[in-house]
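Please arrange chain B on chain A, whose structure you already have, making use of the hints.
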Amino acid sequence: MDQVQSSQQLAELEAEFDRKIASGHVIEPKDWMPERYRKQLLRMMSQHAHSEVVGMLPEGNWLTRAPSLMRKAVLLAKIQDEAGHGLYIYSGAETLGTSRVEMNDQLLAGKAKYSSIFNYPSLNWADMGAIGWLVDGAAIVNQTVLAKCSYGPYARAMVRICKEENFHNKQGYQILARMMQGTPAQREMAQDSMNRWWWPSLMMFGPSDKDSPNSADLMKWKVKLHSNDDLRQRFIDRVVPQAEAIGLRIPDDKLKWNPTTRHYEFGEINWDEFNQVISGNGPCNRLRIKQRRDAHENGRWVREAAMAYAAKQNKRTKAA
Amino acid sequence: MSDSNNWPTWEVFTQKAQGAPHEHAGNVHAPDAELALLNARDVYSRRNEAISLWVVPTESIVASTPEDVGPFFDPANDKMYRSPNFYKTPDGIKQI
Numbered sequence: 303m304d305q306v307q308s309s310q311q312l313a314e315l316e317a318e319f320d321r322k323i324a325s326g327h328v329i330e331p332k333d334w335m336p337e338r339y340r341k342q343l344l345r346m347m348s349q350h351a352h353s354e355v356v357g358m359l360p361e362g363n364w365l366t367r368a369p370s371l372m373r374k375a376v377l378l379a380k381i382q383d384e385a386g387h388g389l390y391i392y393s394g395a396e397t398l399g400t401s402r403v404e405m406n407d408q409l410l411a412g413k414a415k416y417s418s419i420f421n422y423p424s425l426n427w428a429d430m431g432a433i434g435w436l437v438d439g440a441a442i443v444n445q446t447v448l449a450k451c452s453y454g455p456y457a458r459a460m461v462r463i464c465k466e467e468n469f470h471n472k473q474g475y476q477i478l479a480r481m482m483q484g485t486p487a488q489r490e491m492a493q494d495s496m497n498r499w500w501w502p503s504l505m506m507f508g509p510s511d512k513d514s515p516n517s518a519d520l521m522k523w524k525v526k527l528h529s530n531d532d533l534r535q536r537f538i539d540r541v542v543p544q545a546e547a548i549g550l551r552i553p554d555d556k557l558k559w560n561p562t563t564r565h566y567e568f569g570e571i572n573w574d575e576f577n578q579v580i581s582g583n584g585p586c587n588r589l590r591i592k593q594r595r596d597a598h599e600n601g602r603w604v605r606e607a608a609m610a611y612a613a614k615q616n617k618r619t620k621a622a
Numbered sequence: 059m060s061d062s063n064n065w066p067t068w069e070v071f072t073q074k075a076q077g078a079p080h081e082h083a084g085n086v087h088a089p090d091a092e093l094a095l096l097n098a099r100d101v102y103s104r105r106n107e108a109i110s111l112w113v114v115p116t117e118s119i120v121a122s123t124p125e126d127v128g129p130f131f132d133p134a135n136d137k138m139y140r141s142p143n144f145y146k147t148p149d150g151i152k153q154i
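Chains A and B supply the protein sequences, listed in that same order. Mind the numbering: the first sequence is residues 303 to 622 in this note's numbering, read in order. Mind the numbering: the second sequence is residues 59 to 154 in this note's numbering, read in order.
Excised from the complex, chain A in its bound form:
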């Protein structure tokens, strides 16, 4: 790429870039882009990819204790999808000039962010339902919008991911629906899970618009197309009737349908808790990083063996 010489040239390039964005042009890796655009995207995409990877941990916790072979197979398939989603997004993020190894190092060093929801523990089987239904449900709302964002590799990864998320969402809902038809103990377990995952799921959309420092730029560049609060509302409007249909109570006394706005009103989110969790003090922050480090270390010999084998084959081919 050409070295940018003067500030006037830079201003021209930026104006051209803004024009492209405004006209709905999709930005590709080789296109010129402002440094802030690159940085913001890299921040979002690496955070998103890490979330997919760390997101496997709370579910992995229940793999060996799934209540039936079928449930176990489904959970395994879902977790494998999450790994795939992480790979799609890392692959997209690498086009911005940072390698997957570097991003992974940042995660293992505890310097990278990922969705705060995965710092909550999965305490019972119903949590597999709540995660698929609420956590993946919230992710779908976010990702459907991101599939139309201005950066090509990110948008394409999202299209692929959205196709697969609906399975996650439905299998989760079905777990809870089934438990709600069960014994009082099973219904109580499902409700307990709902009570614990509801608020953290709402926090997944990020801080309220007035406290979201990066939003203005991201909206201008069409990386974000809707505000955090709008997407949160969309999620709530979608999920409340689903909860009611299977007899789950939303743990929010202030929740009520507003027939004028045609939206649900809801109570205040505990942003102190949110800030505590993203700054490292959630129930499982340290555990999650430890689990990722262990997985990385335990897989080291496999990576090294594969590399050594490839090198040996390479030498043989060259010799022949």
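Treat the hints as calculated values from the structure; they're not laboratory data. Treat the hints with care, as some may be off.
From the derived model, a few chain A residues whose C-beta atoms are all more than 10 Å from chain B [what the hints assert, rightly or not]:
| # | residue |
| --- | --- |
| 1 | Asn363 |
| 2 | Ala449 |
| 3 | Cys464 |
With the Cβ distance kept under 8 Å, some of the chain A side facing chain B (calculated, not the full set) [as the list claims (entries may be wrong)]:
| # | residue |
| --- | --- |
| 4 | Tyr390 |
| 5 | Leu398 |
| 6 | Ser401 |
| 7 | Arg402 |
| 8 | Gln615 |
With a Cα cut of at most 27 Å, we get these calculated DSS-like pairs of lysine-lysine [claimed, not checked]:
| # | chain 1 | residue 1 | chain 2 | residue 2 |
| --- | --- | --- | --- | --- |
| 9 | B | Lys137 | A | Lys450 |
| 10 | A | Lys415 | A | Lys341 |
| 11 | A | Lys524 | A | Lys415 |
| 12 | A | Lys617 | A | Lys322 |
| 13 | B | Lys74 | A | Lys472 |
| 14 | B | Lys74 | A | Lys465 |
| 15 | A | Lys450 | A | Lys524 |
| 16 | A | Lys556 | A | Lys512 |
| 17 | A | Lys558 | A | Lys512 |
C-beta atoms are modelled at their ideal positions from N, C-alpha and C, and glycine is treated no differently.
Just chain B, lined up with the frame of chain A:
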């Protein structure tokens, strides 16, 4: 903690159905072609999205550059006579 060796990337092409072209799907990291193919299957065809896969070392791809797009594709611009719409036929003539 870091691995010194970053596995190289391979571009993945998938054929969705018999008779369809291979299309670019994305890429994977892998130490060699054999594992690249297996990784490509696991990442890009978990739901029968492909009946055939190609993997190509990313470094082997040669691409046009966005800066040169204008002059590079220019030769096609002034040759409207390649389009059938360029030609007028007398009224009443069909199937041409």
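Taking the hints in turn, this is what the structure says about them:
Non-interface call for Asn363(A) relative to chain B: holds, since the shortest CB-CB distance, roughly 22 Å, exceeds 10 Å. No Cβ of chain B comes within 10 Å of the Cβ of Ala449(A); the nearest lies about 15 Å off, and the non-interface call holds. Consistency note on Cys464(A): stated as away from chain B, and its beta-carbon is indeed over 10 Å from all of that chain's, at 13 Å minimum. This hint holds: Tyr390(A) has a C-beta 6 Å from the nearest C-beta of chain B, less than the 8 Å allowed.
At its closest, the beta carbon of Leu398(A) sits 14 Å from a beta carbon of chain B; the interface hint therefore is violated under the 8 Å criterion. Annotation: interface hint on Ser401(A) holds; nearest CB of chain B at approximately 6 Å, less than 8 Å. Hint status for Arg402(A): holds, given a least beta-carbon distance of 7 Å to chain B, under 8 Å. A least Cβ separation of about 6 Å between Gln615(A) and chain B falls short of the 8 Å threshold, and the interface hint therefore holds.
Note on Lys137(B) and Lys450(A): the hinted pairing is violated, with a Cα-Cα distance of about 34 Å set against a maximum of 27 Å. Restraint check: the Cα-Cα separation between Lys415(A) and Lys341(A) comes to about 14 Å, which is no more than 27 Å; the hinted pair holds. Restraint check for Lys524(A) and Lys415(A): the C-alpha separation of about 22 Å stays at or below 27 Å, so the hint holds. Distance check on the hinted pair: Lys617(A) and Lys322(A) sit about 48 Å apart at the alpha-carbon level, beyond 27 Å; violated.
Between Lys74(B) and Lys472(A) the CA atoms are separated by roughly 26 Å; this keeps the pair inside 27 Å, and the hint holds. A C-alpha spacing of about 16 Å is found between Lys74(B) and Lys465(A), which places the hinted pair at or below 27 Å, so the restraint holds. Of the pairs offered as hints, the one joining Lys450(A) and Lys524(A) holds, with about 8 Å between alpha carbons and a cut-off of 27 Å not exceeded. For the proposed pair Lys556(A) and Lys512(A), the alpha carbon gap of about 22 Å is at most 27 Å, so the pair holds.
Restraint check for Lys558(A) and Lys512(A): the C-alpha separation of about 23 Å stays at or below 27 Å, so the hint holds.
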